[in-house]
Every structure is written in structure tokens, then in C-alpha cells.
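K.L.:
Listed below, chain by chain, are the residues.
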Amino acid sequence: MSATPSTQIISIDRGNEAPAVTSVQIDASCRAPVLLLFISAAAWLLIGSLLGIIASLKFHSPNILASCPLLTYGRVHPAAWNALIYGFAIQAGLGVGLWVLSHLGRAKLAMAPLIVIGAILWNLGMTIGTYGILYGDSTGFEWLEMPRYASGILFFAYLAIGLAAIVTLHLRRERELYISQWLLLAAIFWLPWIYSTAQLLLVFKPVRGVMQAIIDWWYINNLTTIWLGFTGLAATFYFIPKIINRPLYSHYIGIFIFWTLAIFGSWGGIPTGSPLPTWIPALSSVGAALTIVPVLAVAFNVHKTFVGNYSKLSSSMPLKFIAFGALAYVLSGLVGVLASIVQVSEVINFTWFTPAQTQFVVYGFFAMTMFGAIYYIVPRLLQADISSAGVRWHFWLALIGVLIYVVSLGVGGVEQGTVLNNPKATADFMGVTNSTLPFLRASTTGDLFIALGHLVFLLNLVGVLVRVSRASFSTAMVANRRAEVRA
Amino acid sequence: MNLGPLVFLGTFFALATSWLGFVLVPQLQLCRQQPVEIDATGQLYPSDPSGIAKQGEEVYRANGCYYCHSQQVRPKGFGSDVERGWGGRGGKVQSVAQDYLYARPVMFGSQRIGPDLTNIGLRKPDAAWQLKHLYDPQSVTPKSVMPPYRYLFEKRKLKLGQKPSEEALQVANVPAGYEIVPKEEAKTLVAYLMNLHSDAILFETPPPTNAVAAASSTNAPAAGGSTNNPPAATNGPSTNVPAK
Chain U
36 MSATPSTQII SIDRGNEAPA VTSVQIDASC RAPVLLLFIS AAAWLLIGSL LGIIASLKFH
96 SPNILASCPL LTYGRVHPAA WNALIYGFAI QAGLGVGLWV LSHLGRAKLA MAPLIVIGAI
156 LWNLGMTIGT YGILYGDSTG FEWLEMPRYA SGILFFAYLA IGLAAIVTLH LRRERELYIS
216 QWLLLAAIFW LPWIYSTAQL LLVFKPVRGV MQAIIDWWYI NNLTTIWLGF TGLAATFYFI
276 PKIINRPLYS HYIGIFIFWT LAIFGSWGGI PTGSPLPTWI PALSSVGAAL TIVPVLAVAF
336 NVHKTFVGNY SKLSSSMPLK FIAFGALAYV LSGLVGVLAS IVQVSEVINF TWFTPAQTQF
396 VVYGFFAMTM FGAIYYIVPR LLQADISSAG VRWHFWLALI GVLIYVVSLG VGGVEQGTVL
456 NNPKATADFM GVTNSTLPFL RASTTGDLFI ALGHLVFLLN LVGVLVRVSR ASFSTAMVAN
516 RRAEVRA
Chain L
200 MNLGPLVFLG TFFALATSWL GFVLVPQLQL CRQQPVEIDA TGQLYPSDPS GIAKQGEEVY
260 RANGCYYCHS QQVRPKGFGS DVERGWGGRG GKVQSVAQDY LYARPVMFGS QRIGPDLTNI
320 GLRKPDAAWQ LKHLYDPQSV TPKSVMPPYR YLFEKRKLKL GQKPSEEALQ VANVPAGYEI
380 VPKEEAKTLV AYLMNLHSDA ILFETPPPTN AVAAASSTNA PAAGGSTNNP PAATNGPSTN
440 VPAK
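Those protein sequences? They're chains U and L, same order as listed. Taking my numbering, the leading residue of the first sequence gets 36, the next gets one more, and so forth. Taking my numbering, the leading residue of the second sequence gets 200, the next gets one more, and so forth.
For reference, chain U alone in the conformation it holds in the complex:
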């Protein structure tokens, strides 16, 4: 198959002790579970962005859809965010991760039926959890709003898929570990720990007082910096060398990134000025500031891999997505480092800057990287091309959308913080909120672009699936007719 360039360029071939498994066979083993994860991820992405638009419209007129308790801002907003994180990001990340693990290990995907069951359970948990939030059963903890009757399902669904991933890694034929496998293994293992800690100590057997907030911040930061960061970077370091057909500049820098991010990155996330013993936010700021080391290392390693080959960006849509993701990783990482400085955090604390920054990481980096990876993987799983016009539309809609969103809310957040901290100029709090409205309304345009992009994304995936199943159906029909003629 032309679709399967050699893996030698990114991992040293140790010789053929075992009978080789071809890429086509590996893709065949991945087909059902990985496609299921991708399609559900795309569906949740669209659901999430529609809920997000409803939330965003409230800033144009507070009376829009106000009579329906299910659609009040405080319910629609977390439902949209949970759909993006748990519906899309984790499912897409797991799908890409499983595919990358089986290909790097040159082994078929293990326990595919278990993954399918896990994915179905996960979507069941997501559906129940989303209804729970909309019906007012939210736990009250940001990023963990889904009620306990949903979070339990999600946890076991994740364990099922994670187990299959670890078994796939264990049964690999290529023993040498590539950096993406390190990152994926850590991410797969990390989530159940933080999720169970947070669920146990916040929902099932709650700790008292401000400990709840500390644990929630710790969880949010670890989910973002570690899970999304590691999974996204695993894709960055796998697909960029693969597509430009040249090895990663330095494997050792990759390992350096792994350790520094694991050690510094997991400490961030607790805002300065919180009503906590002062050592906690102080330590957190130090951790966040030190993530400048892995962020710069990512920039260096990706650039050095690319250098001289940037022209290849024009010939590959997946590469465009993933390169944009890497750029967003570095930029958002640097912004995160800036935000750990006390004078900066004083301005942006409690403003729209924080959601803009989070969106930059979650969407600009992670989602864009996943889109690229999915557009690389799906044609290989189905041995059919996705409409290239569709992919191009998705790319530009997503790119423009996320830029409008992040820039308008980022600038609006700085403006808001400046006004908020100047009570002499704006004694009336309404002045503070009203100063942000133009930016908020601009961000709705970004939401619209993003949502349109998600519609195109889902159509692209469903489109290729329909074409392939139609083609195989008509092949079967032709074969049938031939058999009849012969009879």
C-alpha cells in the first residue's frame, strides 16, 4: 500500500524475529474500534459547539431561551465544555493513541471488542452525564460537573479502553520504545489516577472546605497539561516525522520533554491570591513558570525536524492541522508561563483571559492536532480518500474560528482585568462587565466558525464511511449477480 510508509524512519528496525504484521493488517484490526471512537468524538464535538453557541448567545441578550431551566447559562455552558473535553477530546485522543500504539509496536490492536464495549459505555456515560448537568444535577466542580451516576460509567469505560491500550503496547513486536509510546503510556495511566482521586475526594466522600477547590484545580491542570498535553504531543512527534518522511530531530529531547513536563507541568493551575495557605499557589506558580523548559524544547525539536521541509505543509492537510497544533502548543505554553507571573495573574485572574487561554490549549493545540491525525488515519482504515475540499473547509473554518475566539477573549480579558482592578474609574461593577461585551460578541463569531467546521468534520467522516459501505455493498451485489448468472 502506498499509504504505509516504512516505520523505520522513526524507530530502529530490530530485525524480523517474528513474522511481520503488515500495516494493512494492523489497520484492519483498528478499523471498528478506532472509527467508532472517531465518529462519536465528532458527534460530541458538534453537540458541544451547538450548546456553546446557546451559552454564547446569552451575552447578546440575556433573555434568549431564559425560560427553559435546561438552557440557562450555568447549565448549558458546563454541558458544552464537558462535551468538548470528555465527548470529543478523550475519545479522539484514545482513538489516535490506540492506532499509534499498534502501528509503533507493529502489532495488531489487542482486545478490539473490549474497546468497542468501552466506547459504547463511554458514550452512554456521556449522554447520561450531559442530561444530568442540564437537569441540574451538576456536582458544582468545574470540569467534573457530570454527576456520580455518569462518572462511574465513564471511569470503567476508560479502564476498558486503557487496558486494551496497555495490552497492545505489551504485545508489541517492535521492542524499541519511541517517545510517542512513552507519552501515551503515561497519559493512559495518569487519567484514572487523577479522575478517581478527584471523584472520591470531591463527590463520593468529599473533603472539607478549600481542599475541594485545590483538588479540582489539581485535576483540571493535570487533565490539561498532562493528559491532553501528552496525548497531543505523542501525535505531534509521531505524525510530523511520518508525514514529512524524516526522523524526529532528537529522541533525547523528546524524553527530556517527557520528564520535565511530567515533573513541572503537573504542579500548575492554582491561581495566586486564592484563599489558601500561601505556599500552595506559590508552589503552583513555580511549577507553571518552569514549564517554559518543555515548551521551548517542543518548539526546538519540532522546528529542527521541520527545517528545510516547511514546503511540505502545502501538500498535506493533516500536516497543516498538526503543525498549527504544535504552534498553538508553544504559543499557549508561553502565555501560560507569562500568566504565572504575579503582576500578570493579578490582571487576568477572574477574567475572560483564562477561558481564552484554556481554549487555545484544548482547541488550538489538542483538537487541531487530533483533526490532523484523524484525517491521516481514517483514509488508511477505510482505504478510501476523504473529500479534500471538505478537509480544506474544515481547516480554514477551525483556524479562523479559534483565532477569533482566542484573540477576542484574550484581549477582552486583559481589558476586563484592567477595568476590574481600577475601582476609581469604574465604581459601578456593570461598567466592568459591559466593557467586555464587544469582545464576547466577537467571540460568538468564532464559535459559529468553529461549529460550522465541526459540521464539516462530521460530514467528512460520515461521507467517506457511506461511500465505502456503498462501494462494498455494490461489489457484493455484483458478485451476487455473477453467481446468479453462472447458476
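Treat each hint with caution, since some may be false.
Said to hold, decoys possible - Pairs of lysine-lysine residues, derived as DSS-like cross-links and limited to a Cα-Cα distance of at most 25 angstroms, are as follows:
#1 L:K362 - L:K382
#2 L:K275 - U:K459
#3 L:K382 - L:K354
#4 L:K382 - L:K358
#5 U:K459 - L:K323
#6 U:K459 - L:K342
#7 L:K323 - L:K386
#8 L:K253 - U:K240
Since the hints were made in silico from the structure, they are not lab data.
Fit chain L to the known structure of chain U by using the hints.
P.N.:
Same frame as chain U, but now just chain L:
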């Protein structure tokens, strides 16, 4: 070379450090926190909120009020919450961990689309205003972007000649022959809001020294269940002792 177990162990320890640092150690430090007895009044601070305020907290959580309203007064010199008059304790001092001992869940909030509510029970101790504001925010705060929470209210038809009940809202645009009355959720939510106050002078929040005399003479703060008089200047900050 099989590095799998090494990666696994390394990950385990790397994660374990932040788990130790931000889950275990703070818990060991903070789990000893107890309500403290305030010298001046002999009451415990914070006090466990009453049943109705507790139910209101559930309404606050269910409707996600904390996505727009913070409940945290930042210290002087970091932002200007104190200057905005959001602080309790005579409007002078920031929130501290002690204030949240009975909050469940703790809803600091992460954004200030609306104003901070830490001391809303002190700043706006007017239940009728709060109800009206929930029903139609713009009727009392003209430029507000807060959505109305009409689903927490009931539109009741009046019988011929029947007068509106005492709890009927005084709002415009009510059709003749009808009254707007708060449902249970609205009443409990307002009870919760009215009970929000962090005003006890604690060991960790001594009032600024030059303000003590002024605060004592006006006898402020004057609202809330566990109000205590500010300590006399001679007592210094250590006016409370742990209850246990």
C-alpha cells in the same frame, strides 16, 4: 532494551509528587481546621448554615451561578476587591480558608461576569430586592447581563376580587388578575445569598491597625448570624481560640 517498566515507574513517581504536594500535604495541613470561638460573641465561626440556606446552596450549584459569580475576596494589593467594598470584616480584609469550612461544594468560581458574592448577605441584606433581581435582573440593575430566572417563580391566577398574596413580587408587566410568587427554589436561594458573609475577625485576618478604632466606634459589621465585634486594639489579633 525494554523501557516500559521504567516509564511506568517514572510516571508513577512524577505524578505522585504533585499528588503528595497538592492532595495529601494540604489535606494534612487543612484537615485540622475547626470552627473557632469568637471572643466577643462566644459564637463559633463559621457556623453551619441553616437547613433552608443549605437547600439554597443546592439551587446555586444546580443552576451554575458560580460560572459568573466568584465567592472570593482577594487580598489587598492583589486586585482591588477590598477597594470595591466586597470584603467582609469591615470591608477591609480578604477571604481565608476558614471561611469555607461549611461550603459544600466550595464554589470559588473562576470568572467575574457578575460581581463577587462572598459578602452579598452583608452588602444587600434585602430579600425582596434579591427576589426581584432573580426574576428580572434588569428591572433593578439596568445594564445587567444576567439572564432572568423566571423558572424559579410561579405565575398564579388570582380569583376575582382576591388580593395578591404577601409574597407576590412587586414587578411591572404582570397581567391583571395574576401574581408572581417565588417557588421554593427561589426562596431557598435567596436565603442562601442572605447568609453569605465572611466577617469574623480571625487570627489570620487582623483588621488594619488604624481602622480598628473607627470600626469599633461604628460597631460594624452589623449583619449576619455570627457577627462579632471587632477586637479591641489592646487584644491584638489573637482574639479567638480554637474551639477544641
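K.L.:
Hey, K275 of chain L versus K459 of chain U, does the alpha-carbon distance stay inside 25 angstroms?
P.N.:
Distance of about 15 angstroms is within 25 angstroms: holds.
K.L.:
Holds or violated: are the alpha carbons of K459 of chain U and K323 of chain L at most 25 angstroms from each other?
P.N.:
21 angstroms, holds
K.L.:
So if I understand the rule, the pair passes when the alpha-carbon distance is 25 angstroms or less; does K323 of chain L with K386 of chain L pass?
P.N.:
16 angstroms, holds
K.L.:
K382 of chain L and K354 of chain L: Cα distance at most 25 angstroms?
P.N.:
10 angstroms, holds
K.L.:
Taken at face value, is the distance from the CA of K342 of chain L to the CA of K459 of chain U at most 25 angstroms?
P.N.:
Holds - the C-alpha atoms of K342 of chain L and K459 of chain U are around 19 angstroms apart, at most 25 angstroms.
K.L.:
Does K358 of chain L lie within 25 angstroms of K382 of chain L when you go C-alpha to C-alpha?
P.N.:
19 angstroms, holds
K.L.:
Does the structure keep K253 of chain L and K240 of chain U at a Cα separation of 25 angstroms or less?
P.N.:
18 angstroms, holds
K.L.:
Take a quick look at whether K362 of chain L and K382 of chain L sit within 25 angstroms of each other, Cα to Cα.
P.N.:
19 angstroms, holds
In summary, the structure agrees with every hint in the numbered list given earlier.
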